[in-house]
Structure formats: C-alpha cells, structure tokens
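> Residues per chain, in single letters:
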Amino acid sequence: MDLAYTEEEEEFRARLREWLAAVLPALPAKPGPDDWPGRRAYDTAWQRMLYDAGYAGLHWPVDAGGRGATPTQHLIFLEETEKAGAPYVGANFVGLLHAGPTIAAEGTAVQRARWLPPVLRGDEIWCQGFSEPDAGSDLASLRTRAVRDGDDYVVSGQKIWTSHAEVADWCELLVRTDPAAPKHRGISWLAMRMDVPGVTVRPLRTLAGSTEFAEMFLDEVRIPVTHRVGAENDGWRVTMVTLSFERGTAFVGEVVACRRTLAALAAEARANGRWDDPVLRRRLGGLNAEFRALWRLTQWNVSEAQRSGGVPGTGGSVFKLRYSQARQELYEAAAEVLGADGADLDREWVLDRLSSLSYTIAAGTSQIQRNIVAERILGLPKGR
Amino acid sequence: MDFQLSDDQRALRTGIRELLAGRFGRDRMRAALDGGTGIDRALWRELGEAGFFALRLPEAAGGVGLGLPESVLLFEEVGRSLLPGPLIATHLAAGAVKGAAQGEAVIAALDAGRPVGHLGDADGLLVLGAGYAGSGAGPGSGSGAGSGAWDAPGPADGILRDVVGIREAAEPVRSLDPFTPLWRVTGRVGAVAHLPGGALRAEGALLAAAEQLGSAARTTEMAVQHAGEREQFGSPIGSFQAVKHLCAGMLVRTELARGAVYAAAVTADRVEIAGAKLLADDAAVRNARDCLQVHGGMGFTWEADVHLHLKRAWLRSGQWLTAATAEEVLAADLC
Ligand SMILES: Cc1cc2nc3c(=O)[nH]c(=O)nc-3n(C[C@H](O)[C@H](O)[C@H](O)COP(=O)(O)OP(=O)(O)OC[C@H]3O[C@@H](n4cnc5c(N)ncnc54)[C@H](O)[C@@H]3O)c2cc1C
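Protein chains in written order, with the working numbering: chain U, 1 to 384; chain L, 1001 to 1335.
Okay, chain U solo, but in the shape it has when bound (with noise of 0.2 Å):
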C-alpha cells in the first residue's frame, strides 16, 4: 500500500499545475446558468484550450487520438483542474466520459476517425439518448423503434431527462432493432445527429429553475446503418460498456471540489458564530471524515484499475451509493450553516442544495446502485 505518488507523476503534476497557472488567470467569466449557447461556447473553448496544450482525451487509448495516460495520471489532472478552479468539463460531458471511450472500445476505424477527434477538440457536443418515459431504471424495457430501410434506420419514438440536448450536434441513442427479441436482446446502439429532420427537442425545468436537461421527439428519423456502434442487437452489452465509463471516474473532480466546499462552509461558520454550536461543528467533522474517505476510496478504486489495466472496476457503485449520499448532507450543513440566508438563491451553496438532491437519482438511483451491490459484487440471488 503506497499513496505516495511516483516521480513521474509528480512531474506530470507539476507541469500540469505551471500550465494552469499561466491559462487560467486570462479566462473569461463563466455565462449564466441558463445561457445555453454562451455555455456551450464557454466549455468548448475550454475543450480546444486542452487539446492544444496536449491534456485532451488524457485517459484514452493513443489509437483513439488520447495521450494514453494511466488511470493515476488522470485522477492527479481531474484533481489539479479542480484544485485550480479550472471550468468544469460541462457540455463535453457525455462525448469525453461516455460516448467517446465508448466509440473508442467498441467502433470501427472509420466511427473512431470520424467521431473522435470532434469530441476531443471540443468541437462537436454529444448528448445520451437512452431514458424514456417508461422506460427509466428499467433501461432494457425501451421502445423507441429502428426499422431497417435500405442503408437506414428509420427511427421513432421519445427519449427524455436528455442533458444538454438543446446544445448537442451528436446524441448516443439506444433504440430497439428488433421488437420480437428479449427486452435485452433487440437493443443496438447508434449515433444519431441532432439536426436531421424528425428531430424535436423541447426543453424541460428542473426544480432548480434550470433547463438544463430535455424531452426528444422522434418522428421517422434517418439514421444511417452505418452510425451503428457494435452489432445490430448487441446494444445493451455496449451500453454496459458505456455505464462503466460513466460510474469510473465521473466523480473525481466533485470529491475535491466538496472538500473546498466544506473548508469554505467551516469558514463561513466562523466568521457568523455558528461555529460555537458543538452539534453543527460535529456535524461538519463527520463530513470531513466522509471527504476524506471517499477521497481514499477513489485512490483505492483508481489503482486496482491500474493494476487490472485500466478497466473500471465494480467499486463505482459503491463509491456513487455513498457519495451521492454525502454530498447532499453536505448541502444540508450548508442550509445549516446559512441559517436564515438559506432562503436566498442569491446565496452560495443554495442552488446546489438544490442540485444535489439530483444524484441520488441521475445515472441509475441509489437503488438500482443497491441492486448492483447485492447481485453482483455479493452475490445474492436475482429476483422480486
């Protein structure tokens, strides 16, 4: 057991921090929360400022066009962009975290050459096409239909909470190929262009005020068969390829970023007299226990990647069950911490409060986590 990082690593770190410190100083005012395109411009310049400097797809294969980094070397750069203050990956989420490795593990030379380097300089914005109104936990019960047309797909249905939608070029659609098969079975996975004809996205308000995610009508869309990722009928096993992804290492970044937050709630705390409060200072000690484990916890599960070859392992739902958990009492210290200002959404940390109540909920709920857990690192019978 070393947490001690390799001079390699460290070297890594220190040039990644000199870079840093020489960018981010000259970086424009984030826009508004609800200002889409200035959003989508903002972390897109963001994306290409990465790309030249050679810090784009870290984590990805170099034949995909990434720098080949090992699972360590990514965690110390989502650690120091976040320590610095850097923007967050925001609209490039799903292309950099899911999509692209996705592609990368699963698509021919030619979706790879011309998917890949888009998303990697920040040029073209995926979103994730597979809720739909009935179908949500229950990811494999799907309906919307893909019926083959000569060298298309024609495809119709709903997909909904699609984030970003209103700013993607791209979407990583889950469709139903074959309706005769078991649920799992009929799945294929394709990569649909958000500006084809059939396309309708109407925005949806989330009850932090946002519209930050989506519903997505589909009516008798194009798609070519040749936009299919993975076999015809072999979706469901590439989206489980894409869901790994997406549980690995989404969180890093947030880990840090809720540290900074609880020394500033501390810090706040002090400065208001709430400090004085033995439960509310306990109450804040407990949560820089849990910070700090889950901190260790991600080191753990980064370097049992690292030693299996950079295949994220089963730890991500454990990790996700808990964090996503922590990070709303961390919010609910902070409401507690405010006090009477808790009310004003002017205030710091209130729209996050707000926010947080979405993790125990978005990329599969806590109990769909605890499914996971109990099935398949315990063991326990499948079944009611």
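Among the hints, erroneous ones may be present.
Pair ranges (Cβ atoms, derived) [to be verified]:
#, chain 1, residue 1, chain 2, residue 2, range
1, L, Glu1229, U, Arg15, 41 to 47 Å
2, U, Gly38, L, Gly1234, 55 to 61 Å
3, L, Gly1190, U, Gly309, 54 to 60 Å
No lab work stands behind these hints, which were simulated from the structure alone.
Note that the Cβ used here is the ideal one computed from N, Cα and C, for glycine as well.
With chain U's structure known, arrange chain L with the ligand on it following the hints.
Showing chain L with the ligand alone in chain U's frame:
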C-alpha cells in the same frame, strides 16, 4: 501511487487468518465463551512467537521490523475472529515492557474515566492520558469539550508494572461484552515508567479501527451467507430487495471504512486516524445491527455470533477515541 495491498501484505493477512482459524476458530471461540473469559496464556504465547506483538519492533531488537499498515492487517483479522484480550495495549507496550513482545506478559489499558478490560489477568497497565481514573476527574474524560487527551499525549502516557494494588482496590463491573471482563478503577493511578513515542492513543485508535473494520467485514459476510441460504415465501431471503439493500449498505460502510483505515495506516496522520476510527466504529456497530436483522429471530439468540460482534463493537467505539472527540479533531482540521 499504488494504494492496494502488496503481495507480502496479502501473504501476511492470509497467514494470520489461517493461524487464527486454526487456534481460535468458531468451536474454540464458543468454548472460550462457555468456559470463562480468562486470557488463554498458551494462545497468547503462540501469538507472541508468531511475531504478533513484536511486529513493529526493529529486527535488531528481536522484532519483525514491519510497520503500521501490517499491524492494521493483523488487527483486522483479530476483529473478524472475535479474539479477546488487551491485544492492542500489549502490542503497543512491546519493547517497553519485558515479556510483552514475546507474549509472556499481558498489558491492559487504563483510560481516564473508563472501565479497565482484563484487569484480572494483567501483568501491567498502559496508563493513557494524565493517569486519572474515576468519574470525570481527568482531562479527556468528559464528553468532549476537549480533544485535550488526543492533542497532548506523550509525557503523560506511561506504564505501570505492578497492578496488584490497583486490582485489589478495583471493583468488577458486569460487562456488556461477555468476552471482556471489566473493572472500575477509582482514584489517581500514576504511571511509573514513561513510554517513548507519544503517539500511543493515536496508534491505539487506529488499531481499534482496524478491529472494527474486520468485524464489519465479517458481519457483512455472515449476513450475505444467511441471506443466500435461509428461505421464506419459497425463495432465499436474499432475493428480496429489502434484504439485498441492507446487505449492500453493509458493504458500502465496510469499503468506505477500509479506505479510511488503510490510508490512515499509511500516513499515520492524526486527523486521518480520527476519521478512520469514526467511520470504522460506525461500520462495525451498524453492520452488526443489520446482520442481526437479517438473521431474524435467530439473530436475537445467544447461539448466533452476531451479538458478540455487536457487543464488542459497542465497547470498542468507546475505547481509545470516542466519536465526539474524533469529530472535534476533524472539525478543528477544517479551520
Ligand atoms: C439531472 C438528471 C440528468 C439526467 N440526464 C440524463 C441523460 O442525459 N440521458 C439519459 O438518458 N437519462 C438521463 N437522466 C435519467 C436518469 O438516468 C433516470 O432518471 C434514472 O435512471 C431513473 O429513472 P426514472 O427517472 O425513470 O425513475 P424510475 O425508474 O421510474 O424510478 C422511480 C423510483 O422507483 C425506484 N425503482 C425503480 N425500479 C426499481 C427497482 N427495480 N428496485 C427498486 N427501486 C426501483 C427508483 O429507485 C426511484 O426511486 C437524468 C436524470 C437526472 C435527474
């Protein structure tokens, strides 16, 4: 960075698990429970020969020359097996008290304001803090205004070799944990010899956290095993989601505690140790409770081992470092 067990560490863990399974397997454990709770001196000596107590002494001093991470792996196994006795205090006293390293001497721990475990068998006492005993007389004995005893260890920690007088003046307490006989000691107890180092309480807290981790992992296994075997409504109860989710929660607590305990062992950082103790106490206590629930009526019997884990976990939670003090240490770290 390679935050995973090394091959040597894995081998050590396997070795100690096999040793304990051979010498303190379930039958021996239950026999010890029925036959009285004195220290098994033969087993104690055998642990000494295996290097259990001398693990961290330098090889030149007859020790094994390993570090805190290895001690943590050792005590994790102790926690799994329910092995009783003041193993942590003796481990910490090895090198300072004759016979402790070899398993010839049994050293109990005296902490201000708390009952002393295994005083009847002890050949010496490890006196923590300022040496005050009795109700709330000394620093660190209160419910935690201060992390005083935690922040300022060292010169006050010491060893008392002759415990005969103390034992005579002590009163036995009917102990919650059938494996840990307790005595109430009143009045001031001054240590005669002082131990070098000064991190005794922190190290004790870490090793206790390791025992809690082992217990939490073990009760998770017990629950999962029972849930896979016991049938109701025509199916194993583990196929019911309510039971599944209890088990999944147990694993999550265990793994978070594992990350914290192992990291604290590597860094030996006092704040990390406080976090590790807090999370491992939580995991051990709550996992034992959930394990009991998964066992249904059988869980409430003396026959099932679950209550032994729960009682020990409760007792350990109050030892070396309480939740209140740990949280204060962790809060102070945010300033
Ligand atoms: C902020 C946000 C962003 C999102 N972004 C995207 C996106 O970009 N693309 C995309 O495809 N999807 C996205 N989602 C959708 C998300 O993946 C789903 O909301 C989630 O999987 C839950 O599905 P559902 O909403 O249909 O809830 P349901 O599946 O209807 O669940 C409702 C409740 O029932 C419980 N439940 C359901 N089944 C079981 C079961 N078998 N056992 C126990 N409990 C069960 C759930 O845990 C939950 O508590 C997003 C969601 C949110 C909140």
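> Would you mind marking each hint as holding or not holding in the structure?
Cross-check of the supplied hints:
1. Glu1229(L) <-> Arg15(U): 41 to 47 Å: violated (55 Å)
2. Gly38(U) <-> Gly1234(L): 55 to 61 Å: holds (59 Å)
3. Gly1190(L) <-> Gly309(U): 54 to 60 Å: Taking Cβ atoms as reference, Gly1190(L) and Gly309(U) lie about 59 Å apart, which means the hint holds.
This entry does not satisfy hint 1, going by the numbered hints stated previously; all others are met.
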